[in-house]
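Undergrad: Given next are the chains, with one letter for each unit.
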Amino acid sequence: GAVVSQHPSWVICKSGTSVKIECRSLDFQATTMFWYRQFPKQSLMLMATSNEGSKATYEQGVEKDKFLINHASLTLSTLTVTSAHPEDSSFYICSATRGRGIQYFGAGTRLSVL
Amino acid sequence: QKEVEQDPGPLSVPEGAIVSLNCTYSNSAFQYFMWYRQYSRKGPELLMYTYSSGNKEDGRFTAQVDKSSKYISLFIRDSQPSDSATYLCAMSAGSGAGSYQLTFGKGTKLSVIP
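Protein sequence lines correspond, in order, to chains X and R. Quick note: the first sequence, position 51, residue 51 per this note's numbering, numbers continuous. Just add 1000 to the spot in the second sequence (first one is 1) and you have this note's numbering.
Treat the hints as calculated values from the structure; they're not laboratory data. Computed from a predicted structure; not experimentally measured. By construction, the Cβ of each residue, glycine as well, lies at the ideal position given by its N, Cα and C atoms. Any given hint could turn out to be false.
[Stated by the list, open to error] In silico lysine-lysine, DSS-like type, Cα no more than 30 Å apart, as pairs:
#, chain 1, residue 1, chain 2, residue 2
1, R, Lys-1109, R, Lys-1042
2, X, Lys-64, R, Lys-1056
3, X, Lys-41, R, Lys-1002
[To be verified] Stretch by stretch, here's where chain R covers chain X in the computed footprint (C-beta under 8 Å, at least three residues):
#, stretch
4, 44-50
5, 100-106
Whole structure, please, built from the sequences with the hints as guidance.
TA: Take a look at the structure:
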């Protein structure tokens, strides 16, 4: 149990376009979902925390207008990178928790902005 | 002093060796302790979690938590080349505001040589 699915696994887009990444908890209802960004050879950096039906809480330094998070249901959260630029190229990972602070991660999305 | 300290390695061992990975932490509010395995360009995979102090065993993996020393360990017996990955320790308070957020170690890169 506790499977988190993330799509797409890899996306290439042109500068200025928007990209949506989906995160689904397949076999449990997630009280909270998280979005991380990871640079090569570095640990995960928390971008935002989202609860179903409420606005996401963004970490300091993360532009909420650039990284739009929607948590429409207890099993689905989406991250939209708006007007993407090459510096937004990175590895984005979502996670979900059903409580107790134990997080289950998706496989990650590699974003390349040309 | 960082909240969670983890030796980044790299750590290289021969196949069949016992591997010992560890983390120290400073925040006494942490109650949940997790070990994740992350392969290159993949999301972290939860290996084990422990609540409070104690030991937990799952196949070739054993997790230990010593809250009095603020020290956690992961042991891998009969290590295999497929265990080659980066191992992340992570901790959460599990209750209270922001309690579901994880604090990560930097990760230890492990290579098991055939």
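Undergrad: Mind checking, does the stretch 100-106 of chain X have 3 or more residues with a CB under 8 Å from chain R?
TA: It holds, with 7 qualifying residues against the three required.
Undergrad: So if I understand the rule, the pair passes when the alpha-carbon distance is 30 Å or less; does Lys-41 of chain X with Lys-1002 of chain R pass?
TA: Holds, at roughly 18 Å.
Undergrad: Just to make sure I understand the rule, a stretch counts as covered if three or more of its residues have a C-beta closer than 8 Å to a C-beta of the chain. Does the stretch 44-50 of chain X meet that for chain R?
TA: That given contact holds, which follows from 3 residues of the stretch 44-50 of chain X lying within Cβ reach (below 8 Å) of chain R.
Undergrad: Taking only the CA atoms, is the gap from Lys-1109 of chain R to Lys-1042 of chain R under or equal to 30 Å?
TA: It holds: about 14 Å lies between the C-alpha atoms, which stays within 30 Å.
Undergrad: Take the C-alpha atoms of Lys-64 of chain X and Lys-1056 of chain R, compute the straight-line distance between them, and say whether it is at most 30 Å.
TA: The given pair, whose Cα atoms are some 40 Å apart, is violated under the 30 Å limit.
Going through the hint list in order, the structure does not satisfy hint 2, though it satisfies all others.
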